[in-house]
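> Sequence:
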Amino acid sequence: MNHRLFSEKMKVADLVLANYRLLFVFPCFGLGLELGESTVKQICEKRGISTTLFLLVCNLYTFDDYCPDTKTFSQIPLADLMNYLKNAHKDYLNNRMPSVIARILDLVDCSHIKHGEMLMRFCEKYKQEVIAHFAYEEEVVFPYIQSLLEGEKSNTYKIKEYESNHSNIDVALNDLKNIIIKYLPSEYTMEKCRDALIDLFLFEFDLSKHAILEDQILIALVEQIEK
1 MNHRLFSEKM KVADLVLANY RLLFVFPCFG LGLELGESTV KQICEKRGIS
51 TTLFLLVCNL YTFDDYCPDT KTFSQIPLAD LMNYLKNAHK DYLNNRMPSV
101 IARILDLVDC SHIKHGEMLM RFCEKYKQEV IAHFAYEEEV VFPYIQSLLE
151 GEKSNTYKIK EYESNHSNID VALNDLKNII IKYLPSEYTM EKCRDALIDL
201 FLFEFDLSKH AILEDQILIA LVEQIEK
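Read in my numbering, the sequence shown has 85 at position 85, and its numbers run on one by one without any break.
Think of the hints as simulated: they come from the structure by calculation, not from any bench. All values reported here derive from a predicted model rather than from experimental measurement. Do not rely on the hints blindly, as some may be mistaken.
As the list claims (entries may be wrong) - No farther apart than 30 Å at their CA atoms in a straight line, the calculated lysine-lysine pairs in the DSS-like style are these:
#: 1; residue 1: K209; residue 2: K227
#: 2; residue 1: K227; residue 2: K160
#: 3; residue 1: K192; residue 2: K90
#: 4; residue 1: K153; residue 2: K227
#: 5; residue 1: K153; residue 2: K71
#: 6; residue 1: K182; residue 2: K127
#: 7; residue 1: K127; residue 2: K192
#: 8; residue 1: K86; residue 2: K41
#: 9; residue 1: K86; residue 2: K125
#: 10; residue 1: K177; residue 2: K86
#: 11; residue 1: K158; residue 2: K71
#: 12; residue 1: K41; residue 2: K158
#: 13; residue 1: K160; residue 2: K90
#: 14; residue 1: K90; residue 2: K41
#: 15; residue 1: K209; residue 2: K11
#: 16; residue 1: K160; residue 2: K127
#: 17; residue 1: K125; residue 2: K160
#: 18; residue 1: K86; residue 2: K127
#: 19; residue 1: K11; residue 2: K86
As the list claims (entries may be wrong) - If you anchor each label on the Cβ, the simulated ranges turn out as follows:
#: 20; residue 1: N178; residue 2: E45; range: 41 to 47 Å
#: 21; residue 1: K127; residue 2: D80; range: 25 to 31 Å
#: 22; residue 1: N94; residue 2: Q216; range: 23 to 29 Å
#: 23; residue 1: K153; residue 2: D80; range: 21 to 27 Å
C-beta: ideal position from N, C-alpha, C; glycine also.
Please take these sequences and the hints and turn them into a complete structure.
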């Protein structure tokens, strides 16, 4: 790891300049762009955000080889992480996914019936998979974690069940990308498809980092409480 990780002394604006994808992360912490010259520590203290969690998420979204050390991991507040994930779910369902689908619909509007129906079918399949994925977490996993935080124990559910059933929601997304890149006829020019593909690739990247937070951080923290 030859790069320099983000730190609490850095200006938050510089984080965005270093990685524009953080523009999708900040809203999940309740942050906009009124950043000024504030450092990470100053913004987090002002907004009541865990500095450790904020830096973990920003580093994870920026550096592919980033892995939190033991000290960082031990300082991650589970309740705050869960709240971040809930906010991310809302952003995905209310903003990100509708935006992606709107891009696909733009292609449908200028397509032959056969290709339009195919795109719509895969769009709907993906939408339903994402909704079901998040619904399970919101209705089963997060209430279970909250009960643990409140000192309750369960003999009927363990986080291992979530780990073993954690669905992979990027297969249908990959299908959509493949259809657009490989199989649409020649009248679908690069100019027509480019915006839709960029949105799909950005959404895929975001979901992959979100999955790491759940699979490698959330589950491990919950297992510590269970033990």
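> A separate judgement is required for each hint: does it hold in the structure or not?
Here is how each hint holds up against the structure:
1. At most 30 Å may separate the alpha-carbon atoms for a hinted pair to count; K209 and K227 meet this at roughly 26 Å.
2. Proximity of K227 to K160 is assessed by CA-CA distance (about 12 Å); at most 30 Å being required, the pair is judged to hold.
3. Restraint check: the Cα-Cα separation between K192 and K90 comes to about 29 Å, which is no more than 30 Å; the hinted pair holds.
4. Restraint check for K153 and K227: the C-alpha separation of about 11 Å stays at or below 30 Å, so the hint holds.
5. Of the supplied pair hints, the one linking K153 and K71 holds, its CA atoms being roughly 27 Å apart against a limit of 30 Å.
6. For the hint linking K182 to K127, the alpha-carbon distance of about 22 Å falls within 30 Å, and the restraint holds.
7. The suggested pairing of K127 with K192 holds, with an alpha-carbon distance near 22 Å, which does not exceed 30 Å.
8. Between K86 and K41, the direct Cα distance comes to roughly 23 Å. Compliance with the 30 Å bound is thereby established for this hinted pair.
9. With a C-alpha separation of about 22 Å, the suggested pair K86 and K125 falls inside the 30 Å cut-off, and the hint holds.
10. Simply put, K177 and K86 have alpha-carbon atoms about 27 Å apart, close enough for the 30 Å limit, and the pair holds.
11. A distance of roughly 25 Å separates the Cα atoms of K158 and K71; the hinted pair therefore holds under the 30 Å criterion.
12. For the proposed pair K41 and K158, the alpha carbon gap of about 35 Å is over 30 Å, so the pair is violated.
13. In summary, the hint linking K160 to K90 is supported, as the alpha carbons are separated by about 25 Å, within the 30 Å threshold.
14. At roughly 26 Å between alpha-carbon atoms, K90 and K41 fall within 30 Å of each other, so this suggested pair holds.
15. Of the supplied pair hints, the one linking K209 and K11 holds, its CA atoms being roughly 23 Å apart against a limit of 30 Å.
16. At most 30 Å may separate the alpha-carbon atoms for a hinted pair to count; K160 and K127 meet this at roughly 26 Å.
17. At roughly 27 Å between alpha-carbon atoms, K125 and K160 fall within 30 Å of each other, so this suggested pair holds.
18. Of the pairs offered as hints, the one joining K86 and K127 holds, with about 18 Å between alpha carbons and a cut-off of 30 Å not exceeded.
19. With a C-alpha separation of about 26 Å, the suggested pairing of K11 with K86 holds against the 30 Å cut-off.
20. For the pair N178 and E45, the supplied restraint of 41 to 47 Å holds, since their beta-carbon distance comes to about 46 Å.
21. The hint said 25 to 31 Å for the Cβ distance between K127 and D80, and at roughly 29 Å that hint holds.
22. The hinted window of 23 to 29 Å between N94 and Q216 holds, with their beta carbons roughly 26 Å apart.
23. Evaluation of the 21 to 27 Å hint for K153 and D80 yields a pass: the beta carbon distance comes to about 22 Å.
Hint compliance for this structure: hint 12 alone is broken.
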